[in-house]
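Asks: Protein chains in written order, with numbering that gives the first Met the number 0: chain A, 0 to 465; chain B, 0 to 199.
Keep in mind that the hints were calculated from the coordinates and are not lab data.
Please read these numbers as outputs of a predicted model, since none were measured by experiment.
A hint or two may mislead.
Said to hold, decoys possible - Distance ranges between label pairs, derived from CB positions: (1) B/Glu-49 to A/Pro-336: 53 to 61 Å; (2) B/Arg-16 to A/Gly-329: 23 to 31 Å; (3) A/Glu-45 to B/Gly-150: 38 to 46 Å; (4) B/Asp-37 to A/Ala-331: 26 to 34 Å; (5) A/Arg-87 to B/Glu-144: 46 to 54 Å; (6) B/Asp-128 to A/Gly-171: 25 to 33 Å; (7) B/Glu-183 to A/Arg-256: 24 to 32 Å; (8) A/Thr-463 to B/Arg-16: 37 to 45 Å; (9) B/Gly-40 to A/Ser-49: 50 to 58 Å.
To be verified - Simulated coverage check for chain A against chain B, where a stretch passes if three residues somewhere in it have a Cβ under 8 Å from a Cβ of chain B: (10) 25-38; (11) 115-127; (12) 146-152; (13) 184-196; (14) 253-264; (15) 326-339; (16) 431-437.
Cβ coordinates follow ideal geometry from the N, Cα and C atoms, glycine included.
Each chain is listed here by its residues.
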Amino acid sequence: MRQTLLDKIWAAHAVRELASGQTQLFIGLHLVHEVTSPQAFRMLRERGLSVRYPGRTFATVDHIIPTDGSERPLLDDMAERMFVEIERNVGEGGIKFFDEASGQQGIVHVIGPELGLTQPGMTIACGDSHTSTHGALGAVAFGVGTSQVRDVLATQCMAVEKPKVRRIEITGSLGRGVYPKDVILSIIGLLGVHGGIGYAYEYGGEVIDEMSMEGRLTVCNMSIEAGARIGYINPDQSTYDFVRGRPYAPAGDAFGRAVDWWSGQASDSDADYDDVVTMDGAAIEPMVTWGINPGHVVGVNQNVPDPASLDGAAGEAVAEALEFMQLEPGAAIAGRPIDVAFIGSCTNGRISDLQEAAAIVRGRKVAAGVKALAVPGSQLVRDRAEELGLDQIFLDAGFEWRGSGCSMCLAMNSDKLVGDQLSASSSNRNFKGRQGSPTGRTLLMSPAMVAAAAVAGEVTDVRTLL
Amino acid sequence: MTDSAITRVAGRGLPLRGNDIDTDRIIPARYLRAVTFDGLGEHAFEDDREQANGAHPFDDPRFAGAAILVVNNNFGSGSSREHAPQALMRWGVRALIGQSFGEIFFGNSLTLGIPCVVLAESEIVQLQDAVAAEPTAEITIDLEERAVTLGDLSFSLQIPDPVRDSLLSGRWDALGELLGAPDETAAVHDRLPYVSGFSG
Ligand code: SF4
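Just chain A, same shape as in the assembly (with noise of 0.2 Å):
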């Protein structure tokens, strides 16, 4: 007793402890995209090395790929060449390849849980920071480099120090127009960008208890913008029901003995944690980043920070955001013009997200001057989105209707801010640079506060349009 998720999980992976004191993980579900495995399937080679448990990798390709319908062999030479080099990969290494043929192509981190493949218990690594998203479903799972996803292919194992566990306890409800978007920005602007590291954070409490599944996915996904590697929240009935009946999830008598592992898996309700934080759901409101970095965040109707009100180097550092994105210490930032509103990514790409926009959008038009892209975050979600008619919302109101990919996130594709250009995303990510134009400008928020913004063609407090 007394254990959490992540200690369980730990020893139920630990395959020895190494002479250096790391822990040799066992990884159970590995997931590749086209990225960050090409120099890892080469290193292998040089190695002589191959892949140790093929059937326990998947692989996709979601970076590059372009979301405007564009066909093979792409007019984009480099784009191809990472095509072909995945797809000779996967090949060789008897890897299962969810490519667009198969219809079920998408971000990575939309279709592991999305096909069943993430599970409660499971040790998850890709080489990608937002690997932490699966952890809403009651799994470890963590983003690695490269020569880590080599390591994971030679040896389904990794070398790995087992972090410490912070509790985040969300209390009460939240308010109407206010979505699990915001209480992860909420979260990074209390504890800090990098208030995380050296630990995994474990989101509990009546507002994650409430939570849909496809929230908990978003909360879980920036924990990696909060420093942490590692974010989960413990499995319960709704991640069961989630689960049951999808493409790669037991079914049968199996699902039965699958819950009850399961629920074995979650922390018990004496566990002993690191530290514990406590906040109140019903005090979060619409968030809006205005700054360069996650933790650059304030409620959408309070004012951005004055640097001269800040001592040395936090003075500094807000001085050096603010200038880079235009704004004068201590303005508004609800009612600032927008040029693009970008609805996708791995943190808000899901149906419930796209549902949420379009509630917003339909029967609106979006403002003038203002490109707004809907980007599904794979092509079952676009196929669903389709079924319930939300392109025709969409378009209706004048966004682009897209296929499935990372697109805008980090415009790796042709999607990309030009110039200032000043975007109102629901990716996590506002990095300098973060949307294709070295001098591009990001305010992250909630799809329905994106959409709230297209249609208004400035940011807007979403609860005067619901």
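Assemble the complex: chain A is given as a structure, and chain B with the ligand must be docked to it using the hints.
Replies: Positioned in the frame of chain A, the structure of chain B with the ligand alone reads:
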């Protein structure tokens, strides 16, 4: 693999000031459009350098040939891209000293044999000032003694024991060790109920 042991790193420093310098800034995403890590060195901090109009420390001739970056809080946050430490390594960086590091960046650097060691905030500031005042002076990171020295300055550094051990013993690239436990790995694989789909 003791010939790859890293016990100390000595070289000229480069003060790179600012908190939360993320890996998108270290190497912009457009350079991830590649199937190798070749040629990344020249693009390290490309957009920051462009925007600084020649005033970025990477373009300051006084710091040419530097091997040790002295950084502030949460350096290398954000994206897991190993391209970031690969770019720094190819630019010539062999170690970093900072107040804290993004965790994935820290691990990626370790796998390349690049130690990231930690000093207190005030010590970082002193070290950055000292390097800026005398760029040709040599910094020494002594992992055995857990010390960072530069001229008269000497600080005790922090590094997690397992990380220090793996550097000192030359096992910082973990793959060799991980390959050494196929039977234990298979045992874990076989006993995890989800591997067989809870077949009962
Ligand atoms: S949507 Fe953005 S954050 Fe998510 S995997 Fe793609 S590029 Fe990374």
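Asks: Please go over all the hints and tell whether each is borne out by the structure.
Replies: Results of checking the hints against the structure:
no.	hint	verdict
1	B/Glu-49 to A/Pro-336: 53 to 61 Å	26 Å, violated
2	B/Arg-16 to A/Gly-329: 23 to 31 Å	25 Å, holds
3	A/Glu-45 to B/Gly-150: 38 to 46 Å	42 Å, holds
4	B/Asp-37 to A/Ala-331: 26 to 34 Å	48 Å, violated
5	A/Arg-87 to B/Glu-144: 46 to 54 Å	48 Å, holds
6	B/Asp-128 to A/Gly-171: 25 to 33 Å	48 Å, violated
7	B/Glu-183 to A/Arg-256: 24 to 32 Å	25 Å, holds
8	A/Thr-463 to B/Arg-16: 37 to 45 Å	42 Å, holds
9	B/Gly-40 to A/Ser-49: 50 to 58 Å	31 Å, violated
10	25-38	holds (count 6)
11	115-127	holds (count 5)
12	146-152	holds (count 4)
13	184-196	holds (count 3)
14	253-264	holds (count 5)
15	326-339	violated (count 0)
16	431-437	holds (count 5)
Hint check: violations occur at hints 1, 4, 6, 9 and 15; the rest are consistent with the structure.
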